[in-house]
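Going line by line, the protein sequences match chains A and B. Oh and the first sequence: position 276 is 275 in numbering that gives the first Met the number 0, straight run, nothing missing. Oh and the second sequence: position 342 is 341 in numbering that gives the first Met the number 0, straight run, nothing missing.
You may find that some hints are simply not true.
What the hints assert, rightly or not - In the DSS-like style, the derived pairs of lysine-lysine whose C-alpha atoms are separated by at most 27 Å in a straight line are:
(1) B:LYS20 / A:LYS151
(2) A:LYS288 / A:LYS243
(3) B:LYS85 / A:LYS243
(4) A:LYS151 / A:LYS223
(5) B:LYS119 / A:LYS288
(6) A:LYS153 / B:LYS22
(7) B:LYS127 / A:LYS283
(8) B:LYS19 / A:LYS151
(9) B:LYS153 / A:LYS283
(10) B:LYS153 / A:LYS150
(11) A:LYS151 / B:LYS76
(12) A:LYS243 / B:LYS119
To be verified - Pairwise CB distance ranges, derived in the manner of DEER restraints:
(13) B:ILE24 / A:ARG8: 16 to 24 Å
(14) B:LYS20 / A:ILE172: 29 to 37 Å
(15) B:LYS192 / A:SER219: 38 to 46 Å
(16) A:LYS153 / B:LYS328: 55 to 63 Å
(17) A:PHE212 / B:THR92: 40 to 48 Å
(18) A:ILE7 / B:SER28: 51 to 59 Å
(19) A:ARG8 / B:SER149: 32 to 40 Å
(20) B:SER149 / A:ILE7: 23 to 31 Å
(21) A:GLN5 / B:LYS192: 38 to 46 Å
(22) B:ALA284 / A:ILE7: 58 to 66 Å
(23) B:ASN121 / A:LEU14: 28 to 36 Å
(24) A:GLN5 / B:LYS76: 28 to 36 Å
No wet-lab data here; the hints were simulated from the structure. Cβ atoms here follow ideal geometry from the backbone N, Cα and C, with glycine treated the same way.
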Amino acid sequence: MSDRNQSIRFIYIILSIFLLGLIFLNLAIGSVSVPSAVFLHFFDTNTPENEIVWRHIILESRMPQAVTAILAGSSLGLAGLQMQTLFRNPLAGPSILGISSGASLGVALLTLGSGIGTGFIGSNILNELGVHLAAFIGAFLVLFIVLLAAKKVKNNASLLIIGIMVGYAVSSIIGLLNFVGQQGEVHAFVIWGLGSFANVQNSQLVLFIILVFPALFLSSLLIKPMNAMLLGESYAQNLGVNLKRVRWQLILLSGYLTAIITAFTGPIAFIGLATPHLARLLFKSSDHKQLIPAVLLLGTIISLACNLLARMPFFQDVLPINVITSLFGAPLVIYLIIKRKQIGF
Amino acid sequence: MISSDKNILETKDLSIGYTKKNKQIEIQSSLNLQLKKGELCCLIGPNGVGKSTLLRSFSAELNSLSGDILLDGTSIKNYDSQQLSKNLSIVLTESVYIPNMTVKELIAMGRFPYTNFWGKINNKDREKVDEAINLLSLQSLANRNFIELSDGEKQKVLIAKALAQDTPLILLDEPTAFLDFPSKMAILAELRKIAHQKNVGIILSTHDLELALKMADLIWLLPEKNKVQTGIPEDLVLKGAISKAFSNDILSFDLKTAHFIQNIKSVDVLNIEGNSIEIEWLKRALIRKGISANTKQSMPLKAYYDSKRREFIIEKENEIFAAFTSIDKILTVIENTKFNNYEKDTSLFINYRNNYDNRLQH
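Chain A on its own, in the form it takes in the complex (with noise of 0.2 Å):
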């Protein structure tokens, strides 16, 4: 045991060092380039004068952006595994129960509908919230009505397929919205749809980590019960756990925080589907006590590194963040379930 205490002691310690590097490398490194006085001063008193331009790159643009990316993927992550642990599937994630949806259709009535639109992302911060705010309306509405369903349908089988259903039905919306739309508008929702996380404001970020980690720290008591539900409904139960108030907890805080991220960055893909996969893989346990934690570490850790790969100089433009997760994340994660041949829920 204690052989494999070291261990895991030894993966965090690694995963902490690259973890400090990328948060060093997410303000390091962008479309422009900072010289690395600008670092070696960063902290003193008074800045030289030249410097303020820079400071205010790193301060005002990445910083932000390289908090909402660790609040995502940490958040993402986490309500990946408790799908996945509630459902026992290893393919479900955040987006599985249509919250995501929901909020790709608040964010669609927004854009396609009422024609204000077009170039509203980065400029106008008052359109920026408005369309944070259609997107929180959009995924609660369906996170309550995925509620309302556990309420009502007993066998999570049956819940995760009228989740899925909701999610087609709020699809469809969006594509007869996309239908209609003017192309300009169509553009700025497929803009909107591949994820960013450069839409928060630092005036928006206390307001996000304030929604955010509530949830966290909530979902991190139901670690026992979570542990449970591994063996299956019946014999969770018979251990005595209420299976209809952690079935509901579960969703509420998964739903929750999947709301909140695509509120805040549009839809991320991947990350909270793979982010479990990995660290049961990396931590070779199947215990929440150990996952937990290491999905918040390894979501923060891949969506910094997606994020970076995003902004690396060599593309001509900051690319999508889905562009990114998908792309590099699928064939890594692929490589490793073939090379280990377990998976899970």
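We have chain A; now place chain B onto it with these hints.
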């Protein structure tokens, strides 16, 4: 065997089934069953009579339609889920698939009702887990990955998990399904040992009638239409309850051997003599083919085993007719013979006869 007189489980006019669209579908009713501590009870009956439903009603996964279930003298309706988890453990047929979990960790999940908010295992929990591991002789597997085990081993681990749960009643839904015969025997022997040594009540549903009759202290027989029958195996057999419940067009229960035998439709051909092992297996082979294997003088052909020559000999009117080195060859010949016309078809045996004569000469 330690056994208190108090029933660990008792049902009073219990009726079980499902509720569908406010309509009750009753599967069994008026069940009045009792199980004492330290007893291994086998729940048997044909498919679809409600064995699983009964077990799921006991574990409160299903609500019973009417009547009451008393666990240790108290209605299970008065147990909350926490109390129930400390009094009743289950082993199910559904497969458990958890990658990256060792046998020991999985057994430790049985301690769930006793651990703190974070599920931390303390020394007493560790003791109980080790005890369960020892009782089921799982020491050598303790640190193996659960999903890499064989089906029989997995079943034992899940039983150990139930044992670690430290409950006075353990319910097992077909714990021997999918296992080979030696594993089935082993599992039932372990369960019996546990029931007697730990003084817990164990109820298991099974299709393995012969095993149940051999191993159970008590049998609850759920027949399709008749009332439930309870008793020790031997009494139930003698009362004819077993053969009544299980016999059908194809099979009948043989009281002497406690085996099911195929109902024989074909004609008698061979008068089989002797009771050597070879002859017993010849009889089995014939029964399998639907041919009577009785000892009757009136039959035209006589068969016996020549242990010196290690051959099966077929005689007709006291004359050696043919000899066979394997049962397979006998079956082939007999199957090709039209029994009602054996006189004419004896030609089929001639080749064999010639062979035999030749060999006798050498």
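Going down the list of hints, with the structure as the test:
1. B:LYS20 / A:LYS151: 14 Å, holds
2. A:LYS288 / A:LYS243: Holds: LYS288 (chain A) and LYS243 (chain A) sit about 22 Å apart, inside 27 Å.
3. B:LYS85 / A:LYS243: 20 Å, holds
4. A:LYS151 / A:LYS223: Since the Cα atoms of LYS151 (chain A) and LYS223 (chain A) sit roughly 25 Å apart, the hinted pair holds (cutoff 27 Å).
5. B:LYS119 / A:LYS288: Holds, at about 10 Å.
6. A:LYS153 / B:LYS22: 18 Å, holds
7. B:LYS127 / A:LYS283: Roughly 25 Å separates the two Cα atoms, so the pair holds.
8. B:LYS19 / A:LYS151: Holds. LYS19 (chain B) to LYS151 (chain A) sits at ~15 Å (cutoff 27 Å).
9. B:LYS153 / A:LYS283: OK: LYS153 (chain B) and LYS283 (chain A) at ~20 Å, within 27 Å.
10. B:LYS153 / A:LYS150: 34 Å, violated
11. A:LYS151 / B:LYS76: Holds, because 23 Å separates the two Cα atoms, which is no more than 27 Å.
12. A:LYS243 / B:LYS119: Judged against 27 Å, a Cα distance of about 23 Å means the pair holds.
13. B:ILE24 / A:ARG8: 16 to 24 Å: 56 Å, violated
14. B:LYS20 / A:ILE172: 29 to 37 Å: 32 Å, holds
15. B:LYS192 / A:SER219: 38 to 46 Å: At roughly 42 Å between Cβ atoms, SER219 (chain A) and LYS192 (chain B) fall inside 38 to 46 Å, so the hint holds.
16. A:LYS153 / B:LYS328: 55 to 63 Å: Distance hint for LYS153 (chain A), LYS328 (chain B) holds at roughly 60 Å.
17. A:PHE212 / B:THR92: 40 to 48 Å: Hint holds: Cβ distance 43 Å, inside 40 to 48 Å.
18. A:ILE7 / B:SER28: 51 to 59 Å: Taking Cβ atoms as reference, ILE7 (chain A) and SER28 (chain B) lie about 55 Å apart, which means the hint holds.
19. A:ARG8 / B:SER149: 32 to 40 Å: 34 Å, holds
20. B:SER149 / A:ILE7: 23 to 31 Å: 29 Å, holds
21. A:GLN5 / B:LYS192: 38 to 46 Å: Hint holds: Cβ distance 39 Å, inside 38 to 46 Å.
22. B:ALA284 / A:ILE7: 58 to 66 Å: 60 Å, holds
23. B:ASN121 / A:LEU14: 28 to 36 Å: Hint holds: Cβ distance 30 Å, inside 28 to 36 Å.
24. A:GLN5 / B:LYS76: 28 to 36 Å: 50 Å Cβ-Cβ, so the 28 to 36 Å window is violated.
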